[in-house]
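Residue strings, one per chain:
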Amino acid sequence: MARRPAVRSLIQLKRSSPLPGFRFSLGFTWLYLTLIVLLPLAAIITRSLRGGSAQFLHAISTPRVEAAFRVTLASALLASAVAAVFGFLVAWVLARYNFPGRRIVDALIDLPFALPTAVAGISLTSLYSEKGWIGRFLDPRGIHVAFTQTGIVLAMSFVSLPFVVRSVQPVLEEIDTAMEEAAASLGANDWQVFARILAPVSLPALVTGAALAFARAAGEYGSVIFIAGNMPMKTEIAALLVVTKLEEYDYTGASAIAVAMLALSFVVMLSLNLLQWRLQRKEGKRI
Amino acid sequence: MKSLVQPRIGPVRRSSHTTTMTRVFLVVAALSFVALFLVLPLVAVFAQAFAHGWRIYVDAIRQKDVLAALHLTLLVAAIAVPLNVVFGIAASWAITRFDFIGKNLLVSLIDIPLAVSPVVAGLMYIELFGLHGWLGPWLSQHNLRIVFAVPGLVLATIFVTFPFVARELIPFMQAQGSDEEEAAVVLGAGGWSIFWRVTLPNIKWALLYGTILAASRSIGEFGAVSVLSGHIRGRTVTLPLEVEMLYNEYNFTAAFAAASLLSLAAVITLIVKKAIELISGVHTPPYKEDFAE
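These protein sequence lines map, in sequence, to chains A and B.
1 is the number of the first residue of the first sequence in this note's numbering; add one for each residue after it.
288 is the number of the first residue of the second sequence in this note's numbering; add one for each residue after it.
The set of hints was computed from the structure by calculation and includes no laboratory data.
There could be a bad hint or two in this list.
Stated by the list, open to error - Only some residues are given here: those of chain A computed to face chain B with a beta carbon under 8 Å: (1) Ser25; (2) Ile36; (3) Pro40; (4) Ile44; (5) Trp92; (6) Tyr97; (7) Val105; (8) Leu111; (9) Ala114; (10) Ile122; (11) Leu127; (12) Ala215; (13) Tyr221; (14) Val242; (15) Leu246; (16) Phe266.
Idealized CB from N, CA, C, for every residue including glycine.
Model the full assembly from the supplied sequences, consistent with the hints where possible.
Dropping the structure here:
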């Protein structure tokens, strides 16, 4: 390594490792990151702001765009709530109870990650349309899922379920059962043990999972567009509107919506990192 | 931040206090939910694909367009996945073996693609390489096509699978530490021989795990490639896009037949993933304590 000591201390702090490949690996990492992620990100942000902030705000405040964001956010919020409730249940059962097929169920949890979104979309649509296996029972009772907002929530819950399970499951596996047993021996019933001991301990993980679920649901496209019906003002999601604007050659409009979506998910991710950072500091762990 | 995909399943901790009633109720509720919510959509794909019998199914997947789409999907994955594997190894080597300014920033930036909607990802490349984009005029002068052509599909796929390998390797290599590699240096080993003889054997399972996740997502990616594809049959249509096109043409049996190939890939992914977890202990508790990034 022929690097001058001054430069080395500037780039490489604290401890100089005897291992080779520092400059090459770091250089390649930054180069690849810049080409694949940072440059395109800069391109879309500058495009959306090209006409000034007034034009940007105008582009994202038309009634149709506002409606799309309302539908997207409300559906994503509901979907993350559904994923949180059922995800917690599944994580709990996987972490605590032994039953035949436990490993298979555990593997199946990742199905929504592995199954292409378009496949999930057409399959859910076929299940919940009026002639579908599930739809034929729900439709006569006035519960319409396909081509309504309920369908959007369903598809979003499907894709975001694993985020909750995989966030909560390791935490539930780690909880020391002694505390629960102590509580139970002092006369607490199942519900009290859950509410006073388990819920507080697993809450941060549940919030993390639900936030990841929300972020994924808000940006979801493939699984939603088939079941949504895609009626402007009613069942049109923001991601679809980006595509529609693009097909109309309205690049500025498409970029403005896209940047608003980016801002939303960055805010969610940033708050999550902040939450985890504070929790880790509270526990006195190193970051 | 913890890995998004961390299916570690440890030993069951028995809690003696819950009543059998509660236990049975919760297990039955969870299993019914999984069956209805996860398994049924998977079963429905195959049921619809075979609704009109084997022969129609085989004819459907032997259509010229479907085969071309399958070929393109595999080609795109074959380019995108190795590039991200190289990136993942380089990034985790730099991050876990050295201290440098901006390390935390770098780790956060690697996660960006996970927070970006696939559609937005596709649009980003249009703004960069499209006719009205930053590099569009230069590209068209030199007769290079990225948007609405195969390179665009590859870029979109690289973007959506960008962090997968790195996110598996970083916590794993962090937990392993660099003692063995430093010993190799002291004993006089060169860079490549350290990598091939020490590092690679140590990280092979985590690397394979990340690669499988990246490959699975590459094959199934829809939103980002949809924006960049242009939907030219036989040329820029990947298998998930072919599923969409067949479905929108009301050719449901063919759409589900094509979808069944992708579902099969998904099921294989889940099985291989689980097998790696069971064989290697990747994603099982021992290194959990050192997980803090």
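Query - Those earlier numbered hints the structure runs against, lowest number first - result: none
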